Structure formats: structure tokens, C-alpha cells
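Chains as they are written, first to last, in my numbering: chain Z, 1 to 261; chain P, 1 to 261; chain Y, 1 to 349; chain X, 1 to 349.
Because the hints were derived from the structure by calculation, they are not lab data.
It should be emphasised that the depicted structure is a prediction, and the values quoted were computed from it without experimental measurement.
Fair warning: there could be bad hints in the mix.
Stated by the list, open to error - Here are the simulated lysine to aspartate or glutamate pairs, EDC-like style, with alpha carbons at most 16 angstroms apart: (1) K119/X to E30/X; (2) K167/X to D193/Y; (3) K20/X to E53/X; (4) K167/Y to E53/X; (5) K20/X to E209/X; (6) K167/Y to E195/X; (7) K101/X to E112/X; (8) K181/X to E30/X; (9) K167/X to E195/Y; (10) K211/X to E30/X; (11) K181/Y to D202/Y; (12) K211/X to E10/X.
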Amino acid sequence: MRGRLWSIAVVLIGALYFFLPLIGMFEFSLRMKRGVYSFEAYRVVLGDPHFQQTFGYSVVLALLTIVLGVLIVVPTAYWIRLRLPSIRPVVEFVTLLPLVIPPIVIVFGYIRIYNTSSWLPLTGSWLGTNLLILFGYATLSLPYMYRAVDTGLRTIDVATLTEAAQSLGAGWGRILATVILPNVFVSVLSGAFLTFAIVIGEYVFAALLNLDTFGPYMVWMGSNRAYEPSALAVIAFAITWACMALIQLLTHFSTFAKARR
Amino acid sequence: MRGRLWSIAVVLIGALYFFLPLIGMFEFSLRMKRGVYSFEAYRVVLGDPHFQQTFGYSVVLALLTIVLGVLIVVPTAYWIRLRLPSIRPVVEFVTLLPLVIPPIVIVFGYIRIYNTSSWLPLTGSWLGTNLLILFGYATLSLPYMYRAVDTGLRTIDVATLTEAAQSLGAGWGRILATVILPNVFVSVLSGAFLTFAIVIGEYVFAALLNLDTFGPYMVWMGSNRAYEPSALAVIAFAITWACMALIQLLTHFSTFAKARR
Amino acid sequence: MAFLDLSHLEKSFGATRVVKDFDLSIEKGEFVSFLGPSGCGKTTVLRMVAGFEKPTTGTIRIDGRDVTRLKPNQRNIGMVFQAYALFPNLTVAQNVGFGPKVAGMAKAEIGERVEEMLKLIGLPDLGDRFPWQLSGGQQQRVALARALAVRPQVLLLDEPLSALDAKIRVSLREEIRALQKELGITTIFVTHDQEEALSMSDRVVVMHEGKAAQVGSPFEIYTWPKTRFVASFVGTLNLLEGEVIDAGRMRLDGIEVPVARGLDGRGTGEPVTVALRPEAVSLGLNGSGLAGTVESVAFLGAVVRTRVKLGRQTITLDSFNQTATRPPEPGAPVRLMFGADDLLVLGED
Amino acid sequence: MAFLDLSHLEKSFGATRVVKDFDLSIEKGEFVSFLGPSGCGKTTVLRMVAGFEKPTTGTIRIDGRDVTRLKPNQRNIGMVFQAYALFPNLTVAQNVGFGPKVAGMAKAEIGERVEEMLKLIGLPDLGDRFPWQLSGGQQQRVALARALAVRPQVLLLDEPLSALDAKIRVSLREEIRALQKELGITTIFVTHDQEEALSMSDRVVVMHEGKAAQVGSPFEIYTWPKTRFVASFVGTLNLLEGEVIDAGRMRLDGIEVPVARGLDGRGTGEPVTVALRPEAVSLGLNGSGLAGTVESVAFLGAVVRTRVKLGRQTITLDSFNQTATRPPEPGAPVRLMFGADDLLVLGED
């Protein structure tokens, strides 16, 4: 009984915070045509070449960020668990930094150090700027990616599995590919989806580096149109929701998850 | 040897990402007076009444957010661990939402549902807008606060300690105050510092709700001045760094942490 | 009326009845063990006495007072957990003083009580330590002191020794028993370890599938188990198939053997299963007894476990390792001897 | 030369020497146990043989080949871990086939090998299961099959039974021993459980503080322990103080008793400590023997443990529970008997 009360309270708070605003926004986004509900605003937004362009750009950036993140994080996290458990607190500290240093500060720093008159003038060229934002996003996603992979590694006995594989004749490459990666695959995916959602919605980096991604497009729409921003927000929410649902699905229905129950 | 190589690599990546930009920025912030290094930019910034006002505002907001967060999260997390472990995945899912829903979407939704013509016109009054941003920030900090507290609760045997206290005659209030809270205090603090750092640097919420907090002030400075923004960034970084250092210190030197080694 | 009285206790979780019609009366000062495999309901009964679970039906009376519906913090019960469950943020003295403080005792009085309790458990100087500075055995003793500090009417011990090392386990069980006798406190001890239950208790309740399979003194439980479950859970066992001759004899592998009890009322020629403890069988190398062949010999330390093939059946027998004589070799012919008292005719579960 | 040869092995972690000048020769097909408390270095020696730790000094030879500097995946060694360590993402068959696949065997051949191995461990039908669908005992048997599938020269078992339930532990140790004998594979078994080491091994190495305290057959280790550490770690023990009379006799609590061995070279009147196994002492209610008083009686099931006060000393004695006779009561006068062979004069550690 008391448990039920709490469940209701949790659902209510969730509703007040997330769902009520969403529903209101959704309802509003349908009212572009006077007097009737229609998906007119969505048609307009999805048909806007600027939307397609910025959204596509952000998707590509997100995918590249994920690849970069996986390549950096998985071997690092594995090696640290296996051989350098003593430096784990240090690494955890480093990966937490992007959470607490405001993105504004990071971007200011980037612009300052990699500007056109610096020793590495990244902001001067199209490629450079894109590299810069890619690294920036990889930094932003570091906490989530590292946590996800590290949590995944925690559920298996990294040291013993590695030794078992070694005693059966396997070398490092095979161990990483056939023993470690398959067992943290779900964790990597969940980190990847979080990264995807974050990069798609990111505003400050893109705006200050003058890049035409989805975040600035949303804000621009928000200050210049009436119904389209709501439609956009609903679309953005749907994307992130889909990502989250995928994470949950993967976690729940993977064979490995069952093993842990 | 291999371990050392990796340590160096980690430090290098960290440096490239965080410290190099910071050092560059710090160096630049000292060059306001032509020809000599000075703290002139800091003097100007710290003396700016607008700085003092926005910063103070943000600090108050951050502290209120922390109080609100602790009041919501600690009893919830405790009760869920104790009596409703089955709904833990649901709650974890809810607390993850603010991470992946872009703040822009949340704010759009808030503005839409709580605008002056709605059933709850929060954005119409000074108090309402501040309440709104407070709840918004509490939402933003939810993932960190919940994770921190839940991690803290994981290190103690909540169910057995509760039963032990009950069998010794203690009621719920006493159990929460003398058994649970002291044992998750460090975790609560670390969640609080993270929240503090995030609220101090937040931009999107404040800008879209037209509130004059520290985030918009930093961005405004960034686009209108030369040396001051660097000084500001260094200050912001120093604050967050201090927060992080405090978390580490507390975690390392608390008596309870020792017990777990 | 008994001091602690459990009558018709039942507990269901959803559709599963984990405790079924459980009755037990415990006298003041008695030490009673609940012994059984995991899932037999022994911990659930204990938790109902403590108040952590509400019985589906039935009543619990302590000293005549019905406590069935009371909350755990209103029952005046001391509980010790498997996981020690000391408050990690409090010192040993504060842990022990927690109960008296909750009860509203004066500060000086609490101090005296704590000192008394720490002396009782033999750790008078460790009051200022934190739990993590103590060994497992010390922690569990502090947990015991904490439970006793409120002068509870009943002491409940939920597998308090199973997290400890073998040697400490043995010494602590003797300490607990001595303390319990000294204080004369009514105690329920839950365990899955037969040696603990047998060595510590006044009475043992062997539990099986939510019911009390047998209640009796350790000697009775071990020597005259009532059901096949009790016989096989408490100690190891040989099960032998044979047929009844008359009330005092049966035929085992073609040889007539006397049986002291349990055959009354069975017809001649009826097949019967008897149980035989490995330590009740001894080897007579020459002479009378059942003839068999040594199948294997395992040296376990103090005990040598010999398997002997006896017609179609295999009998395990335990004997002490004797310095002077090496154990027999596999393949050697031997003769087995046991008494008429040692053959247990078992009832159904 | 022996099949597996460890000579002058040493291993230090920082300033701590955990293995000190360790020598051991193991014959082909031998089953050797390393027995000792945690921290005695037994696991470190095993891990050096496996290649997971590099010896600080010393050499390891397998079949004459120096493998000291080889990596673990170049040694052709099978290893079974306490935590099973099956690959959770692979089926049982894939787990068992992992080694052969790494070795580059053809697919059909791998299939045959896997089938053979699963038959060997008695789980021929579980090839398609995942590890989490198996019980602990089954998982450990699969881990054994996986280790054996590469036809290793040496099989290393690192406390493979300690994560299992008591009953499964006993049956699995018999299975492992039978399999080892059938395959004739040279095996090192690390354990802290004396019963496991004594019941399974051809030879036991009792380790203490990084050194081999005694190497011998289980019977030798138990019956003639060389040092006080071995005597007290393997089995329980009474330690008695007395003084030497001559090479064949000593005075114990004022009474002269014969001692079979160990007193040569000691002077008359010299104080001496002798050890006596509890099961070597028997009660003679009337008649000869040392006179004492029963102090306490603990009923442990098959065994009744009696403490007898004997002058200033207390002797523990174990006897089997006998259905016909109740154990003696505390306070009863008794007489203790033991043989000259049973008194062990112990060397220093």
C-alpha cells in the first residue's frame, strides 16, 4: 500500500517534469492550421532543407563521436581494470571533468588556444573546426561512455577471463575481440546512444564555433517561429526517447543480462 | 613499463583536452595590461557589479537546487532500495531522462505549458519564473544526485541495517537521521558539488527564461570583451575544480571510505 | 504456558506457502535451533518472531503477551544477523549503546551498560574502535553485545556464524552458548550447519518445506531420526534395501540381521529400507559379520572413509585414522559389523 | 628428471617475499596438492607455473623444457579457476572449443574434441546451453573440460571447489580425481581445505610463509607431521607439556608414558611438548590410563567431542556417537588411554 503510494508519487513527479510539458508542446504543435489538428508543422519542418542539412550534419558528427569514443574508451577501460586498478580513481576523475566544467569554458579555451594565430590553427579551416568540435563532443561524451563501459566491465571478471583465455593460448587481439568486446557490447551501445542523444541536442559548442548543426537550428527556430519549434522539440524528444528505449531493450533482452538476474 | 606508457598517454590526452586550453586561457587572461603580466582582467571582472550580482544569483539558485534535490532524492532512493527494488529500473530510467532530453526541449516545453496564458502561469511572475528554473535545475541535477546517493546506499546493507535499528527500537525518523544519512553523507555531498558546478555554468535554461544568471553573463562577456572572458573562464574553472577536489578529499579521507578498502 | 509460543503460524509469499502450520513452544532460558536447508522456511519463522514479516495466519506470544501485530521496534527482541550489520558510522560503544539510547536511558546509565556488555563479550578495551577496525569474529561479538544491551526477552540469531572462518566459528559458538547459559536468555538460533545445531542447542527443530520435520534433543535427532529427510540431512547415511523376517529381524543381502526397533507391524517378506550411519559400522577383518570387498578408501584426515561392496549394495563406513595400522587396500575382502540398535527403519517424509 | 620441475623459485612483490626458495619435482601423472592458509604463497607458485606471474629467481621446467620466461599462452597448460571463468557470451560447446580453435584446429576436428570432452565430464547434452543456465557444479565441470580440450601437459586447479556447496564439493572432488587418473595428467591442486588435499592427492605440499613446510603422502602428512605448524593446520590437536625421562618414555602430569619416537637425543628432565590427535585418545571408564574429569561434552553428530581435565592440562578427545551409550556427563571421572605411537614430538617451524 505504502509502496503503491510511492510509485504514484514517482509517476506524478515524472509527469509534472517531463510529460506534461511534452503533451502541451505536442498539442500546440498540431494547431498550426487554424481550427483543426494537423501535422502541418511537422510537414513544414521535415520539408525544410535547412532542417535536413543541419540534422544530417549532427547525425554524422554524432556517429563519428561514437566511433572516436569507443576507440579511446574500451581499450583504456579494459587495460585499467586489468593492470592499473590503482590509477582508476585518477581516470574516473578525468572523465568526470567534462561534466562539471561548463561547456562554455571548454569552448573559450579551444577558441583561445587553437585560433588562427596559434601554433595549431584549427579554427581557421573547415576541417580543423570540425575536428575541434569532434574532439569537443568526444570530451563531452567521455563521462557517459567511460561509465557505461566500466560498468559493463564490472559485471564480468575481467582478470580471470583474460587469464583463462591466455591459458587457452589466446593473444591480446583475440582476447579483446572475442572475450571482452562481446561481453561489454550492450554497455558500449548504451553509452553510444547517450552520446548520440547528447550530440544531437548540443548547442553551446556549435554556436560558439559557428557551426550549423541541429542545436543552433532548434534555437533559431525557437526564437523566430511559433509552431515549428514545438514540432522540432517533439521530434528531438522522439529521437532521444527511441535511443533510451533501445538501451532498455538491449539491456533487458540480451542473454548476458539474464545471466545476472 | 607498459603501464607507465599508458599513464603517460592518459595524462597527455587529458592535457590536450583540458589543461592546454586552460593554460593558454590563463596566460591570455594575464595580458590585459600591455607588455606585462597582471591580474588586471580579474580585478575588472571581480569588481564588476554585474558579475557579483549574476554570480550571487547563481550561487543561491545552486544551493536551493541542492536542498530540493536532497529532499527529493535521499528518501526516495532509500525507500526504493528498501521496499521497492523492483521499480528501481523504472526510477533509474526516469532519472536518466534529463541527460538525454536536450535542455532546449525541456525549456521549450516549460515555456509552452507554464506560459502566461496557461492554467499555471509560472513564467508570468518573478517568483514563478524562479520556481520554474529551480525545478528545471533540480531536474538537470537529478541524474547526478540520484546516482551519487544510490551508489552511497549500495555500499551499505540498507535492509539489514534498517532491521537492526528496528529491532533495537528505532522508528523511521531515527533510522533515516542516524543510520542512513550519516552513511551516505559523502555521496550526498559529492552529488551536491556536481549539482553546484552544473548550475553555476548553465546557459540554455537561463537564457531562454530570460534570467540574469552567471551563464548568460559569461556568454555575453565572451562576445563583447577580449581579456575578461578568459579571466571569467579561469574563475569558473577554479570553482568547479575546487568542487571536484572537495569531492575527492571527502571520499578519500572519510572514515567510512577507509572501511571499504 | 511456555515463554515463547508460536501457534499455527503460516506465511505465504504470493502463491507460495513457505511456512505451513508451524507450532512450537519454547521454555524460558531454552536454546532452540532451527536447522534445515535453504528455503525450508527457518529464516521466515525467525523473521516473523522478530516482526520483520507478518504471519498470514497464526499467533506469536511472548511471556503471555500476543505480539503478532506489533512492529519490530515494539517487541523487545534482540537480533543478530549473518552480515553483522553494525552501524559503520558509529564506534563499538555507540553501536552497543544504540538500543539503550533509543529506549531513552540516561547517558551515565548507557555508559555503564555499554561497559558491562563489552566486558561480557570479552572486548572491554575496544569501545572506541570503528567496526571496520575489527575482525569478523569481533564484529559479530559486538553485534551480540548490541542485541543484548536492551535486555531483550528473546534473542534471535540468524546464521550468525556462517560468514566466519572455520576456526573462529567453532570458538564463537562455544562463547555464544556459554553467554546464553550465563544470562539465561531464551534463544532461537537459525542455521543450516548440523554440527552447529547439534553442539549448541537444548532442542533442535529440523525444518523441511515449511514444516517442522522433527523436534527433539540433539542426541534424539541424530540417533533416532523420524523421517528419511531428517536422517539424510543430519549426518551422512547408508540406505540399505532388505526384507522383513519378523519384528526383530530382517534379511539383508541374504543374511539375517537383528533389528532393535521399527519393524513392529510389518509383514514377513515386506521390502524395507533401513538407514545405517557410516560410523556405526566397523571392520572385522576375520570372523563374523557381512562379507564384502573394499571398493575405495578415502583418507579424510582424522577419519578414513571406506566404501565396501556388499552384494548389490555399497556401504560407506567411517573409522578413525589409526597411527599403527594403515587403512585397507581396495580389493581386500572384509567383514562388516554393526549392532541391532544401529539399523534405523525410517518413516516417510 | 621429473616431468615438472620447480627449482629455487622465489617471488617478491615489492619488499615482500611471498615465495622463498621453493623446490619441487612432480612425476608425470602425479596429483600434487598445495595446502596452506591464505597468504602462504600456494597460489603464487601455481600462477608462476601458469605464467601469470614471473618468478623473481628460479626456473620452471616442463618435460625438460625451460618455460620460465614463456608467456602464459605459449605454455600448453590447462587451468581451472575458483570462479569458473567460463566465457559468458559463448555456449558450453564454444567454451570447450575455444582452446582448440585458438590452436587452429579444423572445424570438424573441434566438434569431435568438444563432444569427447563433454562426454568425459558427463554432460554430453548441454553443449548448446549458456554458462548461466548451468549449476555451479556443472559450470566447474565445463571449465575442466575446457582446460583439458587443448590436451595440456599440466593441469592446474586453483581452489576449484571452494565456491561450491558442501555436497557437490565432495562428489566433484571424486570426479576430478577419477578423471585425472583416467587421463594420467600431471596435476597441481591448490586448496586451503585439508580434507580435499588429503583425500585427493598422491602427494601433499603443506605450505607455510612461502616455504614448503612438509611434502609427503596424505597419510604421512597427517600421521607424522614434521612441524608444529603442519600438525596444527592439518587436523585438530592437543598440545601437552611434559618432561623427558629417556628415549622411550616421558613424564606427563606425574605419570610415566611410553613414547614411540622423537625423544632420541633429548636429556632427562628436559621439558618437551607433545601433540596428540583427539581421535587417538579413548575413554576407559575403569581400569588403567590417566585419570581425569570430564569438563564438557559437545555433541557434533557422528562425533562426540569430550574435554577432559587432566591435572593442569585439558585434553580434547573425539569418539564416535554410539547409539547404545549416551555420552558421559560433565564432572564424571574418566580414564584416558592412548598408544605410544600417538604421541608426536614436534620440531620447530
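Hint-by-hint comparison with the structure:
no., hint, verdict
1, K119/X to E30/X, "violated, 23 angstroms"
2, K167/X to D193/Y, "holds, 12 angstroms"
3, K20/X to E53/X, "holds, 15 angstroms"
4, K167/Y to E53/X, "violated, 31 angstroms"
5, K20/X to E209/X, "holds, 8 angstroms"
6, K167/Y to E195/X, "holds, 15 angstroms"
7, K101/X to E112/X, "holds, 12 angstroms"
8, K181/X to E30/X, "holds, 9 angstroms"
9, K167/X to E195/Y, "holds, 15 angstroms"
10, K211/X to E30/X, "violated, 21 angstroms"
11, K181/Y to D202/Y, "holds, 11 angstroms"
12, K211/X to E10/X, "holds, 10 angstroms"
Of the hints listed earlier, those the structure fails to meet are numbers 1, 4, 10, in rising order.
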